[in-house]
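*Asks:* Each chain, letter by letter, is given below.
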Amino acid sequence: MMKELVEIIARSLVDHPDDVTVKEHQQDNTLVLTLSVHESDMGKVIGKQGRIASAIRSVLYASASHHHKRVRLDIGE
Amino acid sequence: MKTVKVSGKTIADAIDEALRLLGTDSKENVEYTVLEEPSKGFLGFIGAKQALIEASLKPDPTEEAFLFLRNVIEAMNVEAAVEVRENGKEVEFLLSGEDIGVLIGKRGKTLDSLQYLVNLAANRQSDRYTHIVLDAENYRARRQEALVQLAHRLAEKAKRIGGEVTLEPMNARERKIIHAALQNKEGVQTHSNGAEPRRHVVITPKR
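Chains as they are written, first to last, in this note's numbering: chain G, 927 to 1003; chain L, 2 to 208.
It is worth saying that the hints were derived from the structure and are not from the lab.
Even for Gly, the Cβ is constructed at its ideal location relative to N, Cα and C.
Listed next, the in silico DSBU-like pairs over lysine-lysine satisfying Cα-Cα at most 35 Å (straight line):
id, chain 1, residue 1, chain 2, residue 2
1, L, 3, G, 949
2, L, 6, L, 41
3, G, 974, L, 177
4, L, 110, G, 949
5, G, 929, G, 970
6, L, 177, G, 970
7, L, 28, G, 970
8, L, 28, G, 974
9, L, 59, G, 949
10, L, 107, G, 970
11, L, 3, G, 929
12, L, 59, G, 970
13, G, 995, L, 110
14, L, 107, G, 974
15, L, 50, L, 3
16, L, 59, G, 974
17, G, 970, L, 90
18, G, 970, L, 3
19, G, 974, L, 110
20, L, 90, G, 974
21, L, 59, G, 929
22, L, 160, L, 177
23, G, 970, L, 110
24, G, 929, L, 107
25, G, 970, L, 6
26, L, 110, G, 929
27, G, 949, L, 107
28, G, 995, L, 107
Here are some of the chain G residues that sit facing chain L, going by a computed Cβ distance under 8 Å:
id, residue
29, 927
30, 988
31, 992
Covered by chain G, according to a simulated footprint, are these stretches of chain L (three or more residues, beta-carbon under 8 Å):
id, segment
32, 73–83
33, 95–106
34, 117–123
Extracted from the complex, chain L is given alone in its bound form (with noise of 0.2 Å):
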């Protein structure tokens, strides 16, 4: 990590000439300790002191996220590519490679614990929250898909058997797809049921 010591008159000049030689415009992206304090010294010039700070650039959460990223997939000794999205405020890391089924995991585990230590690695040293979303060969999308439909088969077998129809324990995320796609469907309202982790959405028929 880059580090400057730099003087000034006072404080802020000290930091504004340390922006400068780190090459930023933003208080934002450094961090700072002041090692000597200014002082005016005796009639303004004898033993006058100037401010005297060190200086570092925080380090770039996409940056960390994305090495902290690679470290993991090379310790699990699993092949797989990391290309990095950013769109705006929009951060997608999409994996590819031979084993993505195993960075994927039953039901997209995998894929989501690493999310969600990404987005834990990348956010530690920043107070700005930066979120990482994560995606293989396309498997958010797909998923997505294959629950909208599921979540329609399901809703005309509770009407056809007029009973309520139980879905396996899915995270927040997914529960939200399910309900978001029979909001405006004839016939069947949703809720969810249980507690996390094992908190599912139940189908029922309306009279």
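The shape of chain G in the complex, shown without the other chains (with noise of 0.2 Å):
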């Protein structure tokens, strides 16, 4: 669910939407996600001073405390 969300998310910012992934992993009592998308697309889900980034994980964070959940949100190639 934590996953769809950051997919829907970046697929609508960037270029190449066929190349978002999302992966997950736990570690300890938080969900690790992983965000990788085309690398000319970095800029779109990062921003400028990761104005985006930080816009994606309010959100996400929004949602997982909700939920009485942990998550953390990494971006890579």
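From the two separate chains plus the hints, produce the assembled complex.
*Replies:* Right under this line is the structure:
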């Protein structure tokens, strides 16, 4: 569910939606999501001074805390 | 997405026909690719070829934004309805429902983040910028009122203690509300200090 949320947001922002993948793994009590996009789309999910990344995170954390879950989002290539 | 293939004597003719088929009157609303360039051929008729283009309607920013927001709310697993209000160039999405607090967040942080992402999604494929305002149960107006009251209260405090009063960090829109509220207030002046995202308003008494 958290994974889908990140996928939906990222796919709507990038030029290559088919290259969006989100991997998930559990680390202690935190769900760690790793978002990867096409290398030319990195700026579209990070933004100036990380503004887009931080907006994605705040929406994700809002949903997670509503469902009493802990989640972290990493962005890689 | 509806796509049409149209031929015509010239590319311009083919585009005109494509606009008619797609039911729009502005070239701005469609995107097209030329599949075959027209050629006059030998003596104007032997081997003459018509232009062939493929055209489709560009997605409407408001519609894109609406679908995006619906999908995000659903994936967040939150109960909320979205009402679209279009007023000339201004587009407002009004959220309501049981879990609205989740979508607003602490001091509107989630609402601002959603609004930022909705605008990015809306305008990704569009040349003209459509600005969409997200509001939830009148949050924006209530927050503005609260900020104006806070501004006046802290201005009085600055005068009383005869020293500067520092507000908590706020985004540009909220700082502007504070500055505007105290612009004509006797005995104080305001300025902003610090770097984003910790930029904040400082109220100082006038000597």
